[in-house]
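Asker: Just need the whole structure built from these sequences, with the hints factored in.
Number of protein chains: 2
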Amino acid sequence: MASSSQIDLSGTTYCVLTGASQGIGRAIAAQVSKMLGPNSVMLLLARNKEQLSQTASLCESKNVKVFYESIDLSKASLLEMNFALNKSLEGRRVTDFSTSLIFHNVGSLGNLAVDTARMQDVPELREYYDLNVFNVIALNTQFLKLFEEVEDRVVIVNITSLCAIKPMSGMAYYCSGKAAREMYFKVLAEEKKHIRVLNYSPGPVETSMIDYVLAETVNKNLRDVFNSFKNQGTLLKPEMTARKCVKVLLNSKFSPGEHVDYFDDE
Amino acid sequence: MASSSQIDLSGTTYCVLTGASQGIGRAIAAQVSKMLGPNSVMLLLARNKEQLSQTASLCESKNVKVFYESIDLSKASLLEMNFALNKSLEGRRVTDFSTSLIFHNVGSLGNLAVDTARMQDVPELREYYDLNVFNVIALNTQFLKLFEEVEDRVVIVNITSLCAIKPMSGMAYYCSGKAAREMYFKVLAEEKKHIRVLNYSPGPVETSMIDYVLAETVNKNLRDVFNSFKNQGTLLKPEMTARKCVKVLLNSKFSPGEHVDYFDDE
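Which chain is which? The protein sequence lines are A and B, in order. Residue 160 in UniProt numbering sits at position 160 of the first sequence, and the numbers go up by one each step. Residue 198 in UniProt numbering sits at position 198 of the second sequence, and the numbers go up by one each step.
Accuracy of the hints is not assured; some may be wrong.
If several chains are the same, the list does not tell them apart, and a pair holds so long as it fits within one copy or across any two.
[Claimed, not checked] Lysine to aspartate or glutamate pairs mimicking EDC-like chemistry, simulated, CA-CA at most 20 Å apart: (1) Lys166 / Asp261; (2) Lys87 / Glu69; (3) Lys62 / Asp8; (4) Lys193 / Asp211; (5) Lys193 / Asp115; (6) Lys193 / Asp224; (7) Lys145 / Asp115; (8) Lys145 / Asp121; (9) Lys166 / Asp224; (10) Lys75 / Glu127; (11) Lys247 / Glu149; (12) Lys75 / Glu266; (13) Lys193 / Glu149; (14) Lys145 / Glu239; (15) Lys145 / Glu90; (16) Lys145 / Asp96; (17) Lys65 / Glu151; (18) Lys87 / Glu127; (19) Lys75 / Asp121.
The hints are simulated quantities; they were obtained by calculation from the structure and are not laboratory data.
Answerer: Set out below in structure tokens:
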């Protein structure tokens, strides 16, 4: 599959998705699973095994065998990542799949209780970046190494945010982490033009993150923005943004590493 | 000094600059020192004490008392940062200064010997971000805390790069780190509109970094770009970009957190 060609999920597809236990991750997993052809495999990763099993039950079908693995991506070793990937292959060869897809959806908001002008906890910053940037890179590399032989069939989707390109008050951890993560994928896309890389920004979605922000933030502006999202009913359902994400993929019009937002024209 | 007002360095000014031992840092220090009014203070930080002393000798004048401190900003504790800042104040009150200025110029290129698609060394990523992002944030916070009483006189300059907003092959560490760092300063500027925050991108400058890239990179495209910079003589002298940086500051037309490049119109 060359950079200019159409992405086709209707063949035998291998798909990994992180942060699959809830919200946008669960919705994308469910949406993608409907597209996959016979003998496809999905590997769902997150911490919460119980919730993962619920996502898995939404994805299983005659075409799709679903694996799920409880893994803490803030701490996971390369060994654990590779173990999960290899287990889900069950000895099948990577050439058996016509498309190899990975969704980097895992993410957290960071410490919302500290003013940006008072951030100074370096170990906390490291932990935040471990989950949101460094281990995303590490997992992506394990995936690329595994599918090296069929690199031109690889499709990478990074779930990014408007916050990666537009500063938002009270969200310094989130904005800076998303900026770093998106830029890594853009550099990768610049180097590997035959790999399809999409930075998809899902828009403001009705997930538990919204309530977490309202509970935790010390920033009045951020609280006002999120309250108005809630009160005006402008939040998207996870299913809406999941559908758009898959549509953008299948339309295949994005340039290497392009940041595509839910609200962008198709 | 409100956000819309002119930045004036001709009064009694306090100025910190990191990465002051060479290259762009040294040139900015020298350029800024000429602008400062009577009883001003400069604090130059970097690892190499011998080279710092050379920069200091370029900056000392009847108006400017220069302090320099050998400090490894990849590892420095908050205590060490505060010690250096307080020592240079010599018991003077922060209200004695009409402007308090900090240049975050410290930076490194990261591991250029690994393909972006093979990055997986999380401890190495942490170390890179410690120096280039996390401790920049930590030092900036110590500075803001020290000058809290006169926060509206604070001016912050982050030395960024075109790489913060444009992916460059073979520079995933650098691009992602610069993106994260610039975004932190943009969020800060968004929250603190009365603090002047500038993200200044110096352009391609003739420093030791150029030869380091040529010696280390495994990326052919990057090598070609840097070779053509060298061979075509298009690299800027550090003094040229230092002059432009100071000009942008004194013109004071930049919006909060704006990314201003050497090649941008004035």
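Asker: Take the hints in turn and mark each one as holding or not.
Answerer: Outcome of the hint check:
no.	hint	in the structure
1	Lys166 / Asp261	both (12 Å within a copy, 18 Å between copies)
2	Lys87 / Glu69	within (10 Å within a copy, 53 Å between copies)
3	Lys62 / Asp8	within (19 Å within a copy, 71 Å between copies)
4	Lys193 / Asp211	neither (39 Å within a copy, 27 Å between copies)
5	Lys193 / Asp115	between (40 Å within a copy, 14 Å between copies)
6	Lys193 / Asp224	between (41 Å within a copy, 18 Å between copies)
7	Lys145 / Asp115	between (40 Å within a copy, 12 Å between copies)
8	Lys145 / Asp121	between (34 Å within a copy, 14 Å between copies)
9	Lys166 / Asp224	within (17 Å within a copy, 32 Å between copies)
10	Lys75 / Glu127	both (9 Å within a copy, 16 Å between copies)
11	Lys247 / Glu149	neither (27 Å within a copy, 53 Å between copies)
12	Lys75 / Glu266	neither (38 Å within a copy, 47 Å between copies)
13	Lys193 / Glu149	within (16 Å within a copy, 51 Å between copies)
14	Lys145 / Glu239	neither (31 Å within a copy, 45 Å between copies)
15	Lys145 / Glu90	within (17 Å within a copy, 56 Å between copies)
16	Lys145 / Asp96	within (16 Å within a copy, 59 Å between copies)
17	Lys65 / Glu151	neither (23 Å within a copy, 59 Å between copies)
18	Lys87 / Glu127	neither (27 Å within a copy, 32 Å between copies)
19	Lys75 / Asp121	both (19 Å within a copy, 13 Å between copies)
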